[in-house]
Amino acid sequence: MRIRVGVPQALMYYQYGPVLERFLTGLGAEVVLSGETSRQTLDCGSVLDEMCLPSKVCFGHVCYLQDKVDYLFLPRIISVSQGQYTCPKIIGMSDVLKHNVGKLPPLIDIHVNMRQKSWQLYQAIVSVGRLFGQGMAASLCAWVRAWQYRVRTQPQVLTLDGRPRVAVVGHPYILYDRQVSLDVLGRLDKLGIQVLTPEMVRPGEVNKAAATLEKRLFWSGGHTTAGAALALMLGNQPLNGIIFVTCFACGPDAFVGEIIRQQAQRLDIPCMQLSLDEHTAEAGVVTRLEAFTDMIKRRRRL
Amino acid sequence: MIVTFPHMGTLSIVLKSLFSQLGCQVLVPPPMTRHTMELGTQFSPETVCLPFKMTLGNFMEALEQGADTIVTCGGCGPCRLGYYAAVQQKILAERGYRFTMIAIEPNLIHVYKQLKYFAPQKSWREIYHAFRLAGAKMNLLDDIQRELAVIRPREMKSGSAERVWRQTVTAVDLAESCQSVQAIRAELLEKLQAIELAQGVSPLRVAVVGEIYVMLEPFINQNLEQCLAGMGVETSKTMLLSDYVRGHLLRRRSYVEMFKQLSAMAAPYLGHYVGGHGLKSIAYTILKKQQDYDGIIQVYPFTCMPEVIAKNILPKVSQDVDMPVLTLAYDEQTGEAGIRTRLEAFVDLLRYRSKPAAARV
Ligand code: SF4
Numbered sequence: 061m062r063i064r065v066g067v068p069q070a071l072m073y074y075q076y077g078p079v080l081e082r083f084l085t086g087l088g089a090e091v092v093l094s095g096e097t098s099r100q101t102l103d104c105g106s107v108l109d110e111m112c113l114p115s116k117v118c119f120g121h122v123c124y125l126q127d128k129v130d131y132l133f134l135p136r137i138i139s140v141s142q143g144q145y146t147c148p149k150i151i152g153m154s155d156v157l158k159h160n161v162g163k164l165p166p167l168i169d170i171h172v173n174m175r176q177k178s179w180q181l182y183q184a185i186v187s188v189g190r191l192f193g194q195g196m197a198a199s200l201c202a203w204v205r206a207w208q209y210r211v212r213t214q215p216q217v218l219t220l221d222g223r224p225r226v227a228v229v230g231h232p233y234i235l236y237d238r239q240v241s242l243d244v245l246g247r248l249d250k251l252g253i254q255v256l257t258p259e260m261v262r263p264g265e266v267n268k269a270a271a272t273l274e275k276r277l278f279w280s281g282g283h284t285t286a287g288a289a290l291a292l293m294l295g296n297q298p299l300n301g302i303i304f305v306t307c308f309a310c311g312p313d314a315f316v317g318e319i320i321r322q323q324a325q326r327l328d329i330p331c332m333q334l335s336l337d338e339h340t341a342e343a344g345v346v347t348r349l350e351a352f353t354d355m356i357k358r359r360r361r362l
Numbered sequence: 146m147i148v149t150f151p152h153m154g155t156l157s158i159v160l161k162s163l164f165s166q167l168g169c170q171v172l173v174p175p176p177m178t179r180h181t182m183e184l185g186t187q188f189s190p191e192t193v194c195l196p197f198k199m200t201l202g203n204f205m206e207a208l209e210q211g212a213d214t215i216v217t218c219g220g221c222g223p224c225r226l227g228y229y230a231a232v233q234q235k236i237l238a239e240r241g242y243r244f245t246m247i248a249i250e251p252n253l254i255h256v257y258k259q260l261k262y263f264a265p266q267k268s269w270r271e272i273y274h275a276f277r278l279a280g281a282k283m284n285l286l287d288d289i290q291r292e293l294a295v296i297r298p299r300e301m302k303s304g305s306a307e308r309v310w311r312q313t314v315t316a317v318d319l320a321e322s323c324q325s326v327q328a329i330r331a332e333l334l335e336k337l338q339a340i341e342l343a344q345g346v347s348p349l350r351v352a353v354v355g356e357i358y359v360m361l362e363p364f365i366n367q368n369l370e371q372c373l374a375g376m377g378v379e380t381s382k383t384m385l386l387s388d389y390v391r392g393h394l395l396r397r398r399s400y401v402e403m404f405k406q407l408s409a410m411a412a413p414y415l416g417h418y419v420g421g422h423g424l425k426s427i428a429y430t431i432l433k434k435q436q437d438y439d440g441i442i443q444v445y446p447f448t449c450m451p452e453v454i455a456k457n458i459l460p461k462v463s464q465d466v467d468m469p470v471l472t473l474a475y476d477e478q479t480g481e482a483g484i485r486t487r488l489e490a491f492v493d494l495l496r497y498r499s500k501p502a503a504a505r506v
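Taken in sequence, the protein lines are chains A and B. Each residue of the first sequence is one higher than the last, beginning at 61 in our numbering. Each residue of the second sequence is one higher than the last, beginning at 146 in our numbering.
Check each hint, because a few of them may be wrong.
Said to hold, decoys possible - List of simulated lysine to aspartate or glutamate pairs, DMTMM-like, C-alpha gap at most 20 Å: (1) B:Lys267 <-> B:Glu321; (2) B:Lys500 <-> B:Asp476; (3) B:Lys336 <-> B:Glu271; (4) A:Lys158 <-> B:Asp467; (5) A:Lys275 <-> B:Glu250; (6) A:Lys158 <-> A:Asp221; (7) B:Lys302 <-> B:Glu335; (8) B:Lys235 <-> A:Glu110; (9) A:Lys163 <-> B:Asp288; (10) B:Lys235 <-> A:Glu318; (11) A:Lys158 <-> B:Asp465; (12) B:Lys461 <-> A:Glu318; (13) B:Lys461 <-> A:Glu110.
Keep in mind the hints are simulated off the structure, nothing from the lab. Computed from a predicted structure; not experimentally measured.
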């Protein structure tokens with residue numbers, strides 16, 4: 061029987077999920093996903109105190125997987141690029157889970173730390189492979205194949221279509237988790253808005269825009285969000301508004317939000333910050349989105 | 146050039162000495178008040194941690210009074226402190242202040258480079274002396290603080306320790322040479338000796354762990370140490386300014402070794418550095434149990450990331466090693482009464498535990 065490995069659909073899953081899934085399958089594991097976030101996931105996660113919403117969500121997903129798998133795939137992702145960290149909460153996540161979820165299956169919590177040496181990733185890959193009885197070559201091969209898939213699925217850049225254009229920026233695990241974001245993206249689309257997201261900005265442009273900052277942000281998530289927001293605001297295509305979606309207890313976002321606010325003010329682009337947590341009322345969000353889009357449409361007509 | 150810097154406990158005394166010896170004109174920010182807090186809070190991002198808001202308030206008050214150069218710290222993460230300066234600079238500029246901000250990155254090479262900026266005319270010898278004097282002051286202040294922490298809960302006449310502390314601060318601030326710092330040390334030690342202690346009392350012992358700013362700034366922690374001493378509890382802060390400088394800036398061997406030991410101790414609970422002092426909060430909870438302390442108080446600014454991680458793991462540590470832990474998160478709304486009540490309840494619990502089982506009712 062194949063080993064069942066649980067992958068929580070939370071946090072880094074939104075960036076690397078499909079790759080990891082393919083990688084694990086390639087190693088011969090059976091991947092068990094936790095499914096989309098639900099109300100129950102949120103309720104389960106709220107035992108964590110003062111943590112940000114996404115880590116509570118992660119907690120909920122792990123609770124769901126807890127008794128369904130042989131292993132839980134929870135790598136400690138410390139850094140994904142040189143000179144940067146993910147975020148203290150992501151770094152400490154596996155420990156917080158270990159000491160708060162009742163009984164956990166064994167964790168695959170290898171460290172991924174590319175802060176100083178990017179080849180550390182390959183060490184991590186090889187050690188995961190070893191768990192499944194695979195040699196170095198086979199593991200690396202499985203990784204390369206999985207990674208190629210990612211390269212093929214890069215999203216397209218949108219062209220102008222006459223609708224007002226609004227950039228919606230934030231962590232992927234907030235934006236694309238429909239339960240967490242209360243489907244901000246879908247709602248804006250229904251309100252007749254062309255939505256731009258950070259994924260539509262090429263990494264090169266993200267870095268170039270982020271380089272205009274006084275100091276490089278040392279959280280890769282914050283760096284990408286801020287860089288993409290700046291790139292979208294400074295780009296040569298017109299932008300009618302920007303919405304920063306965040307959650308109350310996110311540390312890095314307190315600064316990223318400030319950076320976006322300052323830039324938007326300078327360029328006279330309407331800017332709204334949407335802070336979410338598990339108690340956020342849907343109705344309130346809907347009203348704010350409507351008011352914001354109305355205002356943008358009015359401004360465009362002037 | 147009129148130099149200013151943020152407040153954090155006795156830091157201003159040390160920096161004032163350093164920069165004036167380097168030949169700069171110094172303006173110490175006005176002592177912290179509610180006004181500082183309101184000012185800082187008003188112009189900061191809402192969910193940023195308290196030290197950011199307070200230091201921003203310090204800067205605004207100092208700039209109002211004529212300072213034009215801000216010296217503050219840099220950093221490389223993952224805690225937010227390292228990015229304070231970049232954001233604060235923008236906020237202050239937006240408010241129309243004109244100033245230069247120098248963020249010192251925590252490595253010696255960078256510190257060296259900045260020296261030429263502040264003291265272009267000074268020889269290396271003079272610079273060395275400026276550092277030595279500042280260092281001597283810092284060490285003396287910390288040594289006296291440690292002594293006083295033991296004396297406070299045992300003094301016969303309440304207020305005696307506090308009086309010596311005030312004298313210490315004034316005397317150290319005025320000292321102009323390493324010799325006079327030495328003389329002051331001797332004098333102060335005598336005064337400490339003279340404080341009359343109650344005989345036969347053995348106060349409860351509590352170690353304070355957590356974030357350094359809250360731990361060291363009495364305005365923020367609402368005189369935690371004095372407050373506990375009033376309840377007959379001896380407090381030991383796990384980090385003072387000199388520890389920070391020696392460990393993080395100078396990377397002294399003994400501190401690096403110590404950190405390795407602490408990491409190993411924390412490893413079963415937290416397997417990696419998460420920035421700030423989160424890892425040490427966990428390690429010290431275990432270490433202080435071995436050293437026979439009665440309880441742990443974790444203090445940090447509300448939303449501080451490393452400490453929130455620690456906080457969510459500490460209940461398990463506390464249970465495993467049988468060490469009571471009280472967690473106090475501070476923000477601009479933290480009221481004195483609330484903290485006091487929680488401290489009192491905690492101290493009651495510790496008292497109850499410290500009685501032999503037979504005497505417990
Ligand atoms: S970056 Fe923010 S939202 Fe993401 S895990 Fe860290 S604190 Fe939470």
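Here's how the hints hold up against the structure:
1. Distance hint between B:Lys267 and B:Glu321 is fulfilled; the C-alpha atoms sit about 17 Å from each other, no more than 20 Å.
2. For the proposed pair B:Lys500 and B:Asp476, the alpha carbon gap of about 35 Å is over 20 Å, so the pair is violated.
3. Of the supplied pair hints, the one linking B:Lys336 and B:Glu271 is violated, its CA atoms being roughly 33 Å apart against a limit of 20 Å.
4. Proximity of A:Lys158 to B:Asp467 is assessed by CA-CA distance (about 19 Å); at most 20 Å being required, the pair is judged to hold.
5. Between A:Lys275 and B:Glu250, the direct Cα distance comes to roughly 12 Å. Compliance with the 20 Å bound is thereby established for this hinted pair.
6. With a CA separation close to 49 Å, the supplied pair A:Lys158 and A:Asp221 exceeds the 20 Å bound.
7. With a CA separation close to 17 Å, the supplied pair B:Lys302 and B:Glu335 stays within the 20 Å bound.
8. With a CA separation close to 28 Å, the supplied pair B:Lys235 and A:Glu110 exceeds the 20 Å bound.
9. Between A:Lys163 and B:Asp288 the alpha-carbon distance is near 46 Å, which puts this suggested pair outside the 20 Å criterion.
10. In summary, the hint linking B:Lys235 to A:Glu318 is supported, as the alpha carbons are separated by about 10 Å, within the 20 Å threshold.
11. Distance restraint check for A:Lys158 and B:Asp465: the Cα-Cα separation of roughly 14 Å lies within the 20 Å cut-off, and the hinted pair is therefore satisfied.
12. Taking the CA atoms of B:Lys461 and A:Glu318, the gap is about 36 Å. The hint is violated against a cut of 20 Å.
13. Of the pairs offered as hints, the one joining B:Lys461 and A:Glu110 holds, with about 17 Å between alpha carbons and a cut-off of 20 Å not exceeded.
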